[in-house]
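Residue numbers (the numbering used here), protein chains in the order written: chain Z, 7 to 301; chain A, 80 to 420; chain E, 174 to 522.
It should be emphasised that the hints constitute simulated quantities derived from the structure, not laboratory data.
Note that CB positions come from ideal geometry on N, CA and C, so glycine has one too.
One or more of the hints may lead you astray.
Selected chain E positions facing chain A (Cβ under 7 Å, derived; list incomplete) [said to hold, decoys possible]: (1) S288; (2) E291; (3) A360; (4) H389; (5) S392; (6) L395; (7) E396; (8) L419; (9) P448; (10) H450; (11) V515; (12) E519.
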Amino acid sequence: MSINAVSVAEVTSPAARARRFRGSPKLWIGLGIVGFFVLLGVIGPLFTEEPNAISDAGLTGPSAGHWLGTTQSGQDVLAQLIAGTHGSLEIGLIIGVLATVLSILVGVTGGYLGGRVDESFSLFTNVVLVIPGLPLVIIVTDYIEDRGVVTVALTITITSWAASARVLRAQTLSLRERDYVRAARASGERTWRIILVEILPNLLPVIASQFIFAIIFGILSEAGLSFLGLGGTDHLSWGVMLHFSWTAQALALGAWWWFVPPGLAIAVFGAGLSLINFSFDEVINPRLRTKGVRA
Amino acid sequence: MTEVASRNGIATLEVRDLVRDFVVGRERGRRQILRAVDGVSFDLVAGQTLALVGESGSGKSTVASVLAQLIRPTSGTIRLGGKLIGTRGRALRRYREEVQIVFQDPFASLNPFHTVDHHLRRPLRIHHRAGSKSEEDEQVLQLLERVNLFPVKRVAGKHPHELSGGQRQRVAIARALAPRPSVLLADEPVSMLDVSIRLEILNLIDQLKTEDNLAVLYITHDLATARHFSSRVIVMYRGEVVESGPADEVILAPKHPYTQLLASAAPDPRRPERRTQLPERTTQLLERRTQLLEGTTRGEGCRFAERCPSAMPVCATRPSLVDVGTAHQARCWLYDGAAGE
Amino acid sequence: MTAVLSVRDLTVDYAGAHPVHAVSEVDLELHRGELLGLAGESGCGKSTLAYAMTRLLRPPAEVRSGTVTFREPGGDEIDVFGLGGEELRRFRWKRVAMVFQGAMNALNPVISVRSQLEDVLDAHEPGLSKQERRRRCAELLELVGVDRRRLTSYPHELSGGMRQRVTIAMALALRPPVMIMDEPTTALDVVVQRDILNEITRLRTELGFAVLFITHDLSLLLEISDRIAIMYAGRIVEQASARELLERPRHPYSVGLLSSFPSIAGPRREMHGIPGHPPDLGEPIAGCPFAPRCPYRRPVCDELLPPLTPRDAALVACHAHEPSTYGVPAPDALLRGEFHPVAEAEVVS
Chain Z
7 MSINAVSVAE
17 VTSPAARARR
27 FRGSPKLWIG
37 LGIVGFFVLL
47 GVIGPLFTEE
57 PNAISDAGLT
67 GPSAGHWLGT
77 TQSGQDVLAQ
87 LIAGTHGSLE
97 IGLIIGVLAT
107 VLSILVGVTG
117 GYLGGRVDES
127 FSLFTNVVLV
137 IPGLPLVIIV
147 TDYIEDRGVV
157 TVALTITITS
167 WAASARVLRA
177 QTLSLRERDY
187 VRAARASGER
197 TWRIILVEIL
207 PNLLPVIASQ
217 FIFAIIFGIL
227 SEAGLSFLGL
237 GGTDHLSWGV
247 MLHFSWTAQA
257 LALGAWWWFV
267 PPGLAIAVFG
277 AGLSLINFSF
287 DEVINPRLRT
297 KGVRA
Chain A
80 MTEVASRNGI
90 ATLEVRDLVR
100 DFVVGRERGR
110 RQILRAVDGV
120 SFDLVAGQTL
130 ALVGESGSGK
140 STVASVLAQL
150 IRPTSGTIRL
160 GGKLIGTRGR
170 ALRRYREEVQ
180 IVFQDPFASL
190 NPFHTVDHHL
200 RRPLRIHHRA
210 GSKSEEDEQV
220 LQLLERVNLF
230 PVKRVAGKHP
240 HELSGGQRQR
250 VAIARALAPR
260 PSVLLADEPV
270 SMLDVSIRLE
280 ILNLIDQLKT
290 EDNLAVLYIT
300 HDLATARHFS
310 SRVIVMYRGE
320 VVESGPADEV
330 ILAPKHPYTQ
340 LLASAAPDPR
350 RPERRTQLPE
360 RTTQLLERRT
370 QLLEGTTRGE
380 GCRFAERCPS
390 AMPVCATRPS
400 LVDVGTAHQA
410 RCWLYDGAAG
420 E
Chain E
174 MTAVLSVRDL
184 TVDYAGAHPV
194 HAVSEVDLEL
204 HRGELLGLAG
214 ESGCGKSTLA
224 YAMTRLLRPP
234 AEVRSGTVTF
244 REPGGDEIDV
254 FGLGGEELRR
264 FRWKRVAMVF
274 QGAMNALNPV
284 ISVRSQLEDV
294 LDAHEPGLSK
304 QERRRRCAEL
314 LELVGVDRRR
324 LTSYPHELSG
334 GMRQRVTIAM
344 ALALRPPVMI
354 MDEPTTALDV
364 VVQRDILNEI
374 TRLRTELGFA
384 VLFITHDLSL
394 LLEISDRIAI
404 MYAGRIVEQA
414 SARELLERPR
424 HPYSVGLLSS
434 FPSIAGPRRE
444 MHGIPGHPPD
454 LGEPIAGCPF
464 APRCPYRRPV
474 CDELLPPLTP
484 RDAALVACHA
494 HEPSTYGVPA
504 PDALLRGEFH
514 PVAEAEVVS
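I would like the entire structure built from these sequences, with the hints used as guidance.
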C-alpha cells in the first residue's frame, strides 16, 4: 500500500476506521457500562425475589437481607431496580428501533429522491420536530386507555424520529452527489437499489449513532413520563420507581436508597451510551479525536 | 451552426444545440440563470476520439453530465445511432447500455463499501450481459484483464482503498466497459492521477477504443494530450464552442484568440521561444476585466471580448462559427467576412 | 553562489505501528536568489520535506535526524531546529515565508484583504503607525499586481488567481530572503497559472529572494527553475540545472518523468509514462526504491542503495552510472534519455 493513503489528513478506509474504533477507550468504557446494565436487566431477575412482593418491613435502609433497602410497602428495592432495568431497556430498545427505521424511511428516501417528495417529507419532518415532544406525548397518553409497553413506546416514537430524519436527509443529500452514486445511476442501477446498496451502507456509522441517540432519548422520555405518572401501567422501569418514591415522599423521609439507584442508573446508562456515541463520532470525523493520529 | 462530422465515419452520437441552464440565486425576486452550456453541437464517431478542451467554467463537465443523462438538458437534441434518445424507462436503460462515463476522481467514483467485483458485476447484471453466475464471474475477470489489472482474482476481491489512484481508474474504466457500450465519455480521466501514470491510462483508453470501435469524448484542459490522443478537438469557453477542427490544426495553428492564449500559456520547456509573452500591462488589464465581469452570467456579444487582445467594436455582437479551414471552424469576427468593418 | 538554506541528512518518519519513512537522508541547498525546483509525485515526500524545513510538521510526523541551517547575509548561521518559541516566531516570515498548497483557500473568509495583510505586519513589525501600515498594505498588493482598491474586498469576492496573489503578497510582506512554495499554481487554470508564474519571476528579479518551488509539474519547473531536484520515495534521486536536466537527464526516473510530459508540438509517437507505482514507505526497502519500475535494473539495484553522487554537471543516485558497481557500462538507451517501460500490466500487491 503506497504512502498515498497515509500522508495527507485522514485515513478514510473502512478497515482503518474499524481499527481506530476498536482502539478507543471511550468505546470500551461505554460498552462496559452498557454491558453491565444489559446483564443486570436480562439475568438479574433470575436471582432476585419478586419485585412487587409486599412485605411488612416498611421503609428500611440497606441491610444484609435487602442490599438496597425496601420501599414503603416493603418491596425489595434491588429487585425493583433490576426489574426496572429490564423495563427501561426494553422500552429504550423498542423506541430506538422504531424511531431509527422511521427516520431512515423518511430522511433517506426524501433526501435521495429530491423534488416534491423531498419537500413534503421535509415539511412533515420539520412540523413534527417543532411540536413540543413531552407535552404531545402527555396529551396522547392521556387519551389512550391501554398503557402497555408497546403503546407507550409507539407514543414516544412519534416525537423521537424527526431530528434523526433531518440528519439522515442531510447526509443523503451529500452522498447523492458523490461520484460513485452518479456512476451507479449512469450504469442504469434502479433507484431503490441505489438507496439500499450504494447509499445506506455508507450511512451505517451515522445510523448507528442515531440509533443510540434514539435509545437514550427513549429511556429519558419514558422516565419523564413515568415520573409524571403517565407511563406504562403494567411494568416497572426506572422512571416508575422514581414516580413511586416521589409520591411516597422518599426525599423528605430521607429514603435515598429508593430514588438514588434508579436516578443514578438513568444517568450512568445514558453516559455509557453517550460514550459509545462519542467514539462513533471520532471514527466518522477524525478531527474530533483527542489522542494522536494512528495510521 | 453544427460541427461537421468526420467524413470517414457515421456519427454514433449527434449533439445539436445543447443548452443547459442553472438557477444560481434570486435577486429582487427574479431568478438568476447561469447558462452553463449555450448551444453546443458536435458528433462522436465510432473509432475516433473527440477532445473537448476547456478550463473551469467552460461548461465541459456539464456537457458530460448531460450526455451521461445525469442531468437533463434545458434544450437541444441528442441522437444515438440516428435516433432521438430515450429519457425514461427501458429506452433510458438502453441508452445507458450504449453510453458510459468515466469520472475524474478515482478516489470518489468507487463506493468504498463494496469490492471491485461488485462494481463490475452490477452493470453486467443490469444489462443482462451474462447468462449465468459463472458466466458473470468469468466476465468480471475478463474485464480486469482488459484493463491490465493483475492478478485478476485478487484484484476482484479488493476494496477501493486498497488500490492506488491509477488502479482505481482502471477499475472505473472496466466498469464503463461492462455493458459493451459504443460511446465512452472520459471526463478528465487523468487530471487527478500522478503524472507518470497518466500516459498509461490514456494509452489504455486509446487501445480499448480501437479494440471496441468506441466513439470517445475526451474531456480535458491539457492541450498536449488532447492533441496526441484525438483526431478532432473542440474548444469551449464559458459555455460556447469557440473553435473546432482537426487536432493538429486547432492546437498547432489555433485561430481563435482564446485557443491561442491556451496554447501559449501551457508550459512547454521544449519550445521556450514560441510563447507570445503577454506584456505586463495587458496581463493586469486582462485580470482586471475578468475580475470586474466575474459575476456576469450572460452578456450580449462575444464572451471572450473582455480578455481578447484583438477586441473590436463589432465584438459587441455575438459572432457565429465560421469556416477557417477544412472542417475547421472558429467563433470570431476576425474570420467572419460578414464583420465588414 | 552562497547557500541561504542548507538541509543536511534530513530524515522524517511518520510514527505509528508501522513507521513510514517519508523523507530519507536528504541533502539540499538553496542558494541566495535562485529558484530551486523540487519535483516529485504524490507520496515522494516533497511536502513533508518543506514542512520539516519550516518546522511545521505535526505528530505523528517526526524529524528523526538531520539539520536545517539558515545563513544570514552577514554569514551568521541559524540552526532552525534549535530555535526556541519566540525565536522561531521571529524567524518565520522574516527569514523564510511559505505559500502552501491551496493557500488561496486558506484566507480567512470573514476578514477583508487589508486586515489579513495588516495582521501579518502587526505580528512581525508592531512598531508601525497606522498610516504606515496602510501604505505598506497598498504597496504589497500592487507589488503582486492587484489593484489597491481590492484592499476592502473579501476573499470570496476575488478570483482564484487573485487570491493566490494575495497569499503571495502576505508571504512577501517582510521581504524574506527565502520563499517556500508548495504547489502554488496547481489548482489554477493554465492561463492564470501562467500569469502567477510571470508575477513570481518578475518579483524575483525585483526583490531578489530565493524560492524553493515544489510541484509535480516538471514541465513547469523546467521553464522557471535555475536548478531542479527530483524526489522519489523520500530521497533525492537527481539534482541538476534545469537546462542540464532537460538535455541530459541521468536518472531513469527523471528520464521516465520527462517523457510523461508530452510536448504540444512534437511529432505524434508512442508515448509512455512509468508503469507501476511507488514503493510502500512503511516497509524497509532493500536497494534502489525505483528498481521495480526501472528498465535498466540489474541485480545490484535490488541489493544496494545507490548514493547521490556527482556525475559531471549533475548529482545522480543510480548505479547505472557507476560501471564498477553496475557491472557493465551505462546503457546507451539511458544515456540517450530513452525510457522503455518494463511492465505492461499493473500488478496489484
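For each hint, the structure was consulted:
1. This hint is violated: E/S288 has a C-beta 20 Å from the nearest C-beta of chain A, more than the 7 Å allowed.
2. For E/E291, the shortest C-beta to C-beta distance to chain A is roughly 22 Å, which exceeds 7 Å, and the interface hint is violated.
3. Because the beta carbon of E/A360 sits about 9 Å from the nearest beta carbon in chain A, more than 7 Å, this interface hint is broken.
4. Contact between E/H389 and chain A, as hinted, is supported at the beta carbon level, the nearest pair being about 6 Å apart and thus within 7 Å.
5. A distance limit of 7 Å between C-beta atoms decides the matter here; for E/S392 the minimum to chain A is near 4 Å, and the interface restraint holds.
6. Look at E/L395: its Cβ gets to within about 4 Å of chain A, closer than 7 Å, so that hint holds up.
7. For E/E396, the shortest C-beta to C-beta distance to chain A is roughly 5 Å, which falls under 7 Å, so the interface hint holds.
8. Given the 7 Å rule on beta carbons, the hint for E/L419 holds: about 6 Å separates it from the nearest Cβ of chain A.
9. Evaluation of the E/P448 hint against chain A yields a held restraint, the C-beta minimum of about 6 Å falling below 7 Å.
10. The beta carbon of E/H450 is positioned within 7 Å of a beta carbon in chain A (closest approach about 5 Å), and the interface hint is therefore held.
11. Below 7 Å, beta-carbon pairs count as interface contacts, and E/V515 has none with chain A, the closest being about 12 Å; its hint is therefore violated.
12. With a cut of 7 Å, the hint placing E/E519 at the interface with chain A holds, because the nearest CB-to-CB distance is about 5 Å.
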